[in-house]
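Q: Line order of the protein sequences matches chains D and V. Basically the working numbering = 1-based index in the first sequence + 2. Basically the working numbering = 1-based index in the second sequence + 4.
Careful, some of the hints might be misleading.
Claimed, not checked - Just a few of them, taken from the derived set where beta-carbon distance is under 8 Å, the chain D residues facing chain V:
1. Leu89
2. Gly97
3. Tyr99
4. Pro101
5. Thr102
6. Phe103
7. Ile110
8. Pro113
Stated by the list, open to error - Here are the simulated SDA-like cross-link-like pairs (lysine to any residue), alpha carbons at most 25 Å apart as the crow flies:
9. V:Lys105 - V:Arg68
10. V:Lys105 - D:Ser98
11. D:Lys59 - V:Lys15
12. V:Lys105 - D:Phe47
13. V:Lys105 - D:Glu16
Claimed, not checked - Some chain V residues flagged as far from chain D (calculated, every beta-carbon gap over 10 Å):
14. Lys18
15. Asp22
16. Gln45
17. Ser62
18. Leu64
19. Ser77
20. Thr80
21. Gln84
22. Leu100
23. Ser110
24. Leu117
I should point out that these hints are in silico values taken from the structure, not numbers from a laboratory. Backbone N, C-alpha and C fix where the C-beta goes; we use that ideal spot for every residue, glycine too.
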Amino acid sequence: GQNIDQPTEMTATEGAIVQINCTYQTSGFNGLFWYQQHAGEAPTFLSYNVLDGLEEKGRFSSFLSRSKGYSYLLLKELQMKDSASYLCAVREERGSYIPTFGRGTSLIVHP
Amino acid sequence: GAGVSQSPRYKVAKRGQDVALRCDPISGHVSLFWYQQALGQGPEFLTYFQNEAQLDKSGLPSDRFFAERPEGSVSTLKIQRTQKEDSAVYLCASSLMGAEKLFFGSGTQLSVL
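One chain only, chain D, in its complex shape (with noise of 0.2 Å):
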């Protein structure tokens, strides 16, 4: 089985950078998603780290430690629109691959 942990809620200012921690417990890793969930919303992909390092794209960045189970998600140049859920998950290697999520971390930006 998996444990994931991420912060409950973060606050942030608008133009500020914020780093969203995850860390994760597994057998047998096989990827990190991150996902922005807006309320009321879907899910959208955001990011997918399988190996360590990190991925920028854009104003949003994700880092991978596999050896330290640990990932963020840094957003920079903060937006009010930036104010939602983002949902670390994790993909084991067992059975059909199913990504589990922890659950969310609700940002708040703040003028």
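Since the structure of chain D is already known, use the hints to place chain V on it.
A: What follows is chain V alone, placed relative to chain D:
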């Protein structure tokens, strides 16, 4: 279609009533997933299809939950004799193949009174 479509968007059921939730995946997507999301929580896996074959149903909470995808496209999640604890958002997702990038629908919000 352009995206994953789910219907109804909202469903209110009386306890004990049967409900059916529909999912229309993106055309050509082989894999289809159902997740349950309680308020303030992350999505919890229910079941997974590859074409019409249900390859994993380990997340279905009880035998009151049943899912099908008879022609490898549209899928239906059926909940029999609904209970209050079934109240949640039911999310459907599809992917081209396997469990890489998932495309989610907006979900069906089920409220059992």
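Q: Against the structure shown, which of the earlier numbered hints fail to hold, in ascending order?
A: Checked against the structure, the hints that fail are numbers 7, 8, 9, 11, 13, 16, 17 and 23, while the rest are satisfied.
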